[in-house]
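K.L.:
Listed below, chain by chain, are the residues.
There are 2 protein chains.
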Amino acid sequence: MRRTVRTLADGREIIYFDDTAGAPERTAVDTRDLPRNETRSEIRRDPLTGEWVALAAHRQTRTYKPPAGLCPLCPTAPGRPTEVPEAEYDVVVFENRFPSFSQHAVGAVEPGLVPRGPGVGRCEVVCFTSDHTTSFGALSPQRVRTVVDVWADRTTALSAVPGVAQVFPFENRGDEIGVTLSHPHGQIYGYPFVTPRTERMLAVAEAAGGSVLGAVLAYERAEGTRVIAESAHWTAFVPAAARWPVEVHVVPHRQVPDLPALTPDERDDFAQIYLRVLGHLDGLHDRELPYIAAWHQAPVHVGRELSWLHLEVFSVLRAADKLKYLAGSESGMAVWINDVTPEDLAARLRSAPSRYGR
Amino acid sequence: MRRTVRTLADGREIIYFDDTAGAPERTAVDTRDLPRNETRSEIRRDPLTGEWVALAAHRQTRTYKPPAGLCPLCPTAPGRPTEVPEAEYDVVVFENRFPSFSQHAVGAVEPGLVPRGPGVGRCEVVCFTSDHTTSFGALSPQRVRTVVDVWADRTTALSAVPGVAQVFPFENRGDEIGVTLSHPHGQIYGYPFVTPRTERMLAVAEAAGGSVLGAVLAYERAEGTRVIAESAHWTAFVPAAARWPVEVHVVPHRQVPDLPALTPDERDDFAQIYLRVLGHLDGLHDRELPYIAAWHQAPVHVGRELSWLHLEVFSVLRAADKLKYLAGSESGMAVWINDVTPEDLAARLRSAPSRYGR
Chain A
1 MRRTVRTLAD GREIIYFDDT AGAPERTAVD TRDLPRNETR SEIRRDPLTG
51 EWVALAAHRQ TRTYKPPAGL CPLCPTAPGR PTEVPEAEYD VVVFENRFPS
101 FSQHAVGAVE PGLVPRGPGV GRCEVVCFTS DHTTSFGALS PQRVRTVVDV
151 WADRTTALSA VPGVAQVFPF ENRGDEIGVT LSHPHGQIYG YPFVTPRTER
201 MLAVAEAAGG SVLGAVLAYE RAEGTRVIAE SAHWTAFVPA AARWPVEVHV
251 VPHRQVPDLP ALTPDERDDF AQIYLRVLGH LDGLHDRELP YIAAWHQAPV
301 HVGRELSWLH LEVFSVLRAA DKLKYLAGSE SGMAVWINDV TPEDLAARLR
351 SAPSRYGR
Chain B
1 MRRTVRTLAD GREIIYFDDT AGAPERTAVD TRDLPRNETR SEIRRDPLTG
51 EWVALAAHRQ TRTYKPPAGL CPLCPTAPGR PTEVPEAEYD VVVFENRFPS
101 FSQHAVGAVE PGLVPRGPGV GRCEVVCFTS DHTTSFGALS PQRVRTVVDV
151 WADRTTALSA VPGVAQVFPF ENRGDEIGVT LSHPHGQIYG YPFVTPRTER
201 MLAVAEAAGG SVLGAVLAYE RAEGTRVIAE SAHWTAFVPA AARWPVEVHV
251 VPHRQVPDLP ALTPDERDDF AQIYLRVLGH LDGLHDRELP YIAAWHQAPV
301 HVGRELSWLH LEVFSVLRAA DKLKYLAGSE SGMAVWINDV TPEDLAARLR
351 SAPSRYGR
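Going down the list, the sequences are from chains A and B.
Counting in this note's numbering, the first sequence runs from 1 upward without gaps.
Counting in this note's numbering, the second sequence runs from 1 upward without gaps.
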């Protein structure tokens, strides 16, 4: 994999990760007249819950469902410059033009009843392919391996950014969860705090004397009823207490804190098992499933020995044509009501034909 | 207020609360041939977070957006029986036909890595008026007072149901949050556990030596910039660390654990201030705002002295025609990114014309 760092017209960093033999040198210049974006991101801590919230008013003006011919994630074509100056690419990462967190946010945290501070951090976009019309599940195993290497590279890089406390690679896919750009891409957030969900998991792990994911993995592999796919280094299963009508966790057999800690074998093996999982997910209703894929990694500075890397993939689609909404119980009280039993979902996923013939 | 308890064809309880002078006796019989619903509700505790999840597979078949002529919450008309046998009503409460929790769920909690048990509890529907086409914000103050009394009545009743640990009255309003019935109505859940959000607030209160909402109230009233409305007994404000693009908390000036503890004056006063708040909310975009209104009450058995009753009203509408989606950051990591600053929202709400002329 060849790595080339360049700069966009407004000073943002763009990094090309090339896995194709003979890919051209990445020398194209961003010709746009692009003003540097003001970032007014702020964080405040809710005094009732102790949880941080990000306020990013400048994001109201972000790009919203452009027509395909104007996709900012496609390569640049003559007369139609995009976020990626090159004419094609393999995998490319660049700083988000409308970031929720930014290294340019300035100021100190003010204490008080409602502590507040600058939204320090970094938000990146990861384009998985220059092909606008494909999807993650249709990528080649080699390309998925490149993406894993890119996630690991960015986790290491963002972990070194001053103020970043947790690195979160994720993919939002599908209109139904509000994706504003349909080009196959993910995002990476470098948060200035440990996220509430991770804090909760760390508290449970601390009380248990270590991560409970190892026990969960053994339990799921022993029961078998919720397992979707197994490989040498990973198991994919519907969790016994699934919150979402479609939910699969992909867990490495070895306890590692984050993506950079994975061996080359584990990375190759992940590519294989994840593509099988995505094939079943998109096969479930024979349509591209709207989903969120969320990497749970150890925080940068705390709780690393209590953490166990894993990927949680879930969907709001509760039937082919019906959505699960997060209404009063979920949004008000954080109690998920799931209309689908995990065992039933697992059986349907296992018997779903893979959409990509894998 | 007159209270009449009756029984529906399948054995469910229905309770009429009449506030109109001369309302007829509630003697109508449910003539439907309605089988008793199987309730297969189960709860399981997520071993990674320690949080309970409800599995309610029977709810997949629940009524989904019926045409107005077939609304099950309207009064019964000749030849068209509904959930309410009477020909009209003031406020009526009945057990949900497709409950997430039920008193008929049987069995004991099984311990283990993933503790599980029956979904014991009770779910009720509250119809605020027999008028299908109106909304909560257009009710009279007298009717809202009746609704407060009904919520208090049901809180007391559900708190006495064996196994119920927390009572949660709420209203989901609007297509955009997945409401399947447009008739003005709310719901009440009697949960068999303390909800994760309440647990979190109790942990913060315990560490602080008491509820922090009193300090928050004093802070908001002193700052003033986020206050929407004030009355003798209540203040409504946008919280300084709002998670949602529209969010208002309505807080009583006196620390009470739950709705039954409110005095008659406090109840009347709530009706006035809440109608003003709803007028501003529906005036914001001059449309019926989709919203969730969630009552935070003390659990039945624990943490009552740490709790401070309040109502949280919030919306996913981030602009007149754009929704806030709970994507990777919110659903994956429980970090809310809000594109709207609380101060800006408060100013816009204060200057919004009240949709109901109040």
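The set of hints was computed from the structure by calculation and includes no laboratory data.
A few of these clues could be false.
Repeated chains share a single entry, so a pair holds when one copy, or any two copies, can fit it.
What the hints assert, rightly or not - Below, simulated SDA-like cross-link-like pairs (lysine to any residue); rule was C-alpha separation at most 20 Å, straight line:
{"id": "1", "residue 1": "Lys322", "residue 2": "Pro67"}
{"id": "2", "residue 1": "Lys322", "residue 2": "Ser130"}
{"id": "3", "residue 1": "Lys322", "residue 2": "Pro66"}
{"id": "4", "residue 1": "Lys322", "residue 2": "Phe98"}
{"id": "5", "residue 1": "Lys322", "residue 2": "Gly178"}
{"id": "6", "residue 1": "Lys322", "residue 2": "Glu38"}
{"id": "7", "residue 1": "Lys322", "residue 2": "Thr341"}
{"id": "8", "residue 1": "Lys322", "residue 2": "Asp344"}
{"id": "9", "residue 1": "Lys322", "residue 2": "Glu288"}
{"id": "10", "residue 1": "Lys322", "residue 2": "Ala77"}
{"id": "11", "residue 1": "Lys322", "residue 2": "Pro290"}
{"id": "12", "residue 1": "Lys322", "residue 2": "Val179"}
{"id": "13", "residue 1": "Lys322", "residue 2": "Asp339"}
K.L.:
Are the CA atoms of Lys322 and Gly178 at most 20 Å apart within a copy, between copies, both, or neither?
P.N.:
For Lys322 and Gly178, the Cα distance is within 20 Å both inside one copy (15 Å) and across copies (10 Å).
K.L.:
Under a CA distance limit of 20 Å, which applies to Lys322 and Phe98: within one copy, between copies, both, or neither?
P.N.:
between (31 Å within a copy, 17 Å between copies)
K.L.:
When no copy is specified for Lys322 and Thr341, does a C-alpha distance of 20 Å or less occur within a copy, between copies, both, or neither?
P.N.:
within (16 Å within a copy, 32 Å between copies)
K.L.:
Quick one: Lys322 to Val179, C-alpha cut-off 20 Å, is that within a copy, between copies, both, or neither?
P.N.:
Answer is both: 18 Å inside a copy and 12 Å across each meet the 20 Å cutoff.
K.L.:
Is it within, between, both or neither when you check Lys322 against Pro67 at 20 Å Cα-Cα?
P.N.:
between (26 Å within a copy, 17 Å between copies)
K.L.:
From the Cα coordinates, with 20 Å as the cut-off, is the pair Lys322 and Asp339 best called within, between, both, or neither?
P.N.:
within (12 Å within a copy, 27 Å between copies)
K.L.:
How would you label the pair Lys322, Ala77 (within, between, both, or neither) given a Cα cut-off of 20 Å?
P.N.:
This pair counts as neither: shortest intra-copy Cα distance 38 Å, inter-copy 30 Å.
K.L.:
One pair to classify: Lys322 and Glu38, alpha carbons no more than 20 Å apart. Within, between, both, or neither?
P.N.:
neither (39 Å within a copy, 22 Å between copies)
K.L.:
I want to check one pair: Lys322 and Pro290. Are their C-alpha atoms no more than 20 Å apart within a copy, between two copies, both, or neither?
P.N.:
both (12 Å within a copy, 19 Å between copies)
K.L.:
Between the shortest in-copy and the shortest cross-copy C-alpha distance, which are at most 20 Å for Lys322 and Glu288: within, between, both, or neither?
P.N.:
Intra 14 Å, inter 23 Å, cutoff 20 Å: intra-copy only.
K.L.:
Tell me, please, which holds for Lys322 and Asp344 at an alpha-carbon limit of 20 Å: within, between, both or neither?
P.N.:
within (17 Å within a copy, 35 Å between copies)
K.L.:
How would you classify Lys322 and Ser130 at a CA-CA limit of 20 Å: within, between, both, or neither?
P.N.:
neither (31 Å within a copy, 28 Å between copies)
Hint check: violations occur at hints 2, 6, 10; the rest are consistent with the structure.
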